[in-house]
Amino acid sequence: MQRYSEAEGSPTLPHTPGIIQKYIEETLATVLEELSTSDGRPSISLRRRSKKPTLLINPMNGALEGNGPESRLIYSWPGKSAYEAWKFTVIFRVLAAIAENLHIGLVVSRRDIYYSDPNLFGTQKVVDDIVDDVAYTVGLDRSALNVEAAAKGLVVGSYQLKTSSGHVIDTQTSAIDTLVPSLQDIDEITISDSNWVLVVEKEAVYRRLVRLGYYTKALAGKGILITGKGYPDLSTRAFLRKLNESGSRSNKNLPFYALVDSDPDGMAIMSTYKYGSMAHTSENGRLNIPCLQWLGVRTSEVVAGALHNDNEDEASMSLTARDRKKIVAMLCNSPVWAVEGPEPEWRAELLLMLMLNLKAEIEILYDRKDGLERWIDQKMAGHS
Amino acid sequence: MSKQYLSCGSADKAHSTDVFSLAVTDKQILSASGASALQVHSTIDPDFPLVQTINGAHTAGCHHLVTNGNGSRAVSVGFGGEVKVWSYHNENWSEDRTALAGKAGSIDTWAVALSKDGQYLAGVSQDGHIRVWDLNTGGEQIHDYETKGSFGTCIDLSADGRFLATGHENGSIYIFNTESGRMPFSLSGLVKPVRAVAFSPGGRLLAAAGDSKVIVLYDTSSGEQVANLSGHGAWVLSLSWSYTGEYLLSGSFDGKVKVWSIDTRTCVATHSETERAVWSVKWLPKIEKPEGFATSGANRSISFYREVTGA
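Chains U and L, in that order, are what the protein sequence lines are.
Position 316 of the first sequence, counting from 1, maps to 316 under UniProt numbering, and the rest follow consecutively.
Position 281 of the second sequence, counting from 1, maps to 281 under UniProt numbering, and the rest follow consecutively.
Excised from the complex, chain U in its bound form:
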């Protein structure tokens, strides 16, 4: 396996679905041709985005973006070692799986690919990394490869979906929470009588709010609750972005709020929704929600007693060594948390956590006298 760096710049292939098919078919054909000769040494070359790009917030779209030298990886068979031969084989298998699915028009999940031969792939991450590299090499979204991670986000509330086949699904009539629908099946989302969108970090908190019917009973009126169950997947972010675009298209001032833990992961998850992920900077411009507002919870409020919690002593917890390392890494590596960056309040909150060695979870709001719902009511009122 050779590796060398190229100058800055990303691939600029025209955005047509055919191009992927063409790329994969050509690659596979070349490999097969080479294999059929007596001493053939087939190879596959992939581009990979820079491991250490310079990250910046694009002032035009508020997305976390990166630039830096990309590298080109060339995998050949049989290669110099058993590892190279294996790597070549797994890439070949992933390409073949994508080609097959594109051919019959099916969407395949990364897990499907992995489970087609777990012994060969070893781990899910092997498949994920190859899919990312293939997408980057052809310069397209991972969704254009018809490869998606299984959707894990959940959503409930009032909106109408128009599917690609022309169906209209009105969630008002069903009013149960569903998996976040895949955008490939959706032509249009209409937000009729929702007044807000609340992104909840944790599934448990989301379920509690669903059970309480908060999406119909909030002081601010009807709304949409959504959770990515921790760090959100692409489908959840893409769906949220579609909601956001529908909201601004309909000239409805639809506010987007985030309810996350006051710990490094909670803050990083909120940042992923608002600015994008550190790992897939090339996709952030299509997925970020610049208008996302931070509802809470804040360690500073817990410490100040502003939450009037009945059992004050249990309200906050000590940071773990991992928490502290993660906060320091966030402060040092991402422009979102930079000193002169876009979120001075977020940065101040991270520093406060380090200073006091404390964090707090959303669940502490359960114990408030008025409960979680009234707290959200008040916070939303304060933001509008």
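Treat the hints with care, as some may be off.
[Stated by the list, open to error] Here are the simulated lysine-lysine pairs, DSS-like style, with alpha carbons at most 27 Å apart:
no., chain 1, residue 1, chain 2, residue 2
1, U, Lys326, U, Lys217
2, U, Lys80, U, Lys229
3, U, Lys326, U, Lys229
4, U, Lys369, L, Lys192
5, L, Lys286, U, Lys326
6, L, Lys27, U, Lys325
7, U, Lys202, U, Lys326
8, L, Lys213, L, Lys192
9, L, Lys148, U, Lys326
10, L, Lys192, U, Lys326
11, L, Lys213, L, Lys148
12, U, Lys125, U, Lys252
13, L, Lys27, L, Lys286
14, L, Lys213, L, Lys3
15, U, Lys52, U, Lys326
16, L, Lys286, U, Lys325
17, L, Lys27, L, Lys13
18, U, Lys125, U, Lys87
19, U, Lys162, U, Lys252
20, U, Lys369, L, Lys116
21, U, Lys152, U, Lys202
22, U, Lys229, U, Lys152
23, U, Lys325, L, Lys148
24, U, Lys80, U, Lys125
Because the hints were derived from the structure by calculation, they are not lab data.
If you're wondering where the values come from, they're calculated on a predicted model, not measured in any experiment.
Given chain U, work out where chain L should sit, using these hints.
Just chain L now, with coordinates in the frame of chain U:
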């Protein structure tokens, strides 16, 4: 009996984020914050002008900053874990890379204290270790006391350098004799996290405070609690003794600053110019009367106060 301290100036928005730590010399006040630069203001000029900015001192910001008695040396600890030593020459602070050679930074040192002559640096780490380094021999480690592993939040050295005290997240307070390397007695400690410890100038008393909101005074010869100073309604984050040992200054999370008389064990003055956390309070050297102090915190500024005399 109350005393009056009047605001006598401030360095407004001296930093772009919370000012976490103040350190004084006979003519300057140094400050550290969540931004990368350290700031130096003059305290001999009535307008407290900015006299030096040390840019890029700590990339992720700085949480502890201390000076020695005569102001020849300073030490700062950054959020990234790095410990830096600074020397004062020709009216200018610059980094002294030979003094510590980075040894204290690789072990999660959190709070630090400098001996009066600037030779010894004491630090307490996130895993509760208490260490002493000799800065005149390139930072050779001369002590390593192991405690029960609770996060060391604060540390102080007595003026004569003979005693070392630390406060911990689990409420523990330790006093070590730096000559014998032993703990002369165990202290009862506090119930909640300790955020500040400070020896009186004569070393007879140790003040400790934190989330229990009460300031406890210990007799350092016996380890007994000799007084409780109550009055703060929020966590106490910082303590400082006046140079005569007559008064103790405290700052808390709700923005209150209090002056306590050690004689009467009462609060003689309260200031509340902000409702946001006061991270650091420091008496200014009593070069000329009247006595004064400085405070800093979440309002990003440094505020100066002077005693009103002859009223």
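Can the restraint linking lysine 325 of chain U and lysine 148 of chain L be considered satisfied, given a maximum Cα separation of 27 Å? holds, 22 Å
Assess, step by step, whether the Cα of lysine 162 of chain U is no farther than 27 Å from the Cα of lysine 252 of chain U, and give holds or violated. The given pair, whose Cα atoms are some 19 Å apart, holds under the 27 Å limit.
Straight-line alpha-carbon gap lysine 27 of chain L to lysine 325 of chain U, limit 27 Å: Not OK: lysine 27 of chain L and lysine 325 of chain U at ~37 Å, beyond 27 Å, violated.
Between the alpha carbons of lysine 286 of chain L and lysine 326 of chain U, is the straight-line distance 27 Å or under? Violated. Lysine 286 of chain L to lysine 326 of chain U sits at ~43 Å, over the 27 Å cutoff.
Check whether the Cα positions of lysine 27 of chain L and lysine 286 of chain L lie no farther apart than 27 Å. holds, 10 Å
Holds or violated: are the alpha carbons of lysine 152 of chain U and lysine 202 of chain U at most 27 Å from each other? holds, 12 Å
Below or equal to 27 Å on CA atoms is what counts here, so check lysine 125 of chain U against lysine 252 of chain U. violated, 41 Å
Need the status of pair lysine 213 of chain L, lysine 148 of chain L: alpha-carbon distance at most 27 Å? Holds. Lysine 213 of chain L to lysine 148 of chain L sits at ~24 Å (cutoff 27 Å).
Hinted pair, alpha-carbon criterion (27 Å max): lysine 369 of chain U, lysine 116 of chain L. Please report holds or violated. It is violated: about 52 Å lies between the C-alpha atoms, which goes past 27 Å.
Quick one, are lysine 229 of chain U and lysine 152 of chain U close enough, alpha carbons at most 27 Å? Holds - the C-alpha atoms of lysine 152 of chain U and lysine 229 of chain U are around 7 Å apart, at most 27 Å.
Hint consistency between lysine 27 of chain L and lysine 13 of chain L [alpha-carbon to alpha-carbon, up to 27 Å]: It holds: about 21 Å lies between the C-alpha atoms, which stays within 27 Å.
Does the structure keep lysine 286 of chain L and lysine 325 of chain U at a Cα separation of 27 Å or less? violated, 41 Å
Hint check: violations occur at hints 1, 2, 5, 6, 12, 16, 20; the rest are consistent with the structure.
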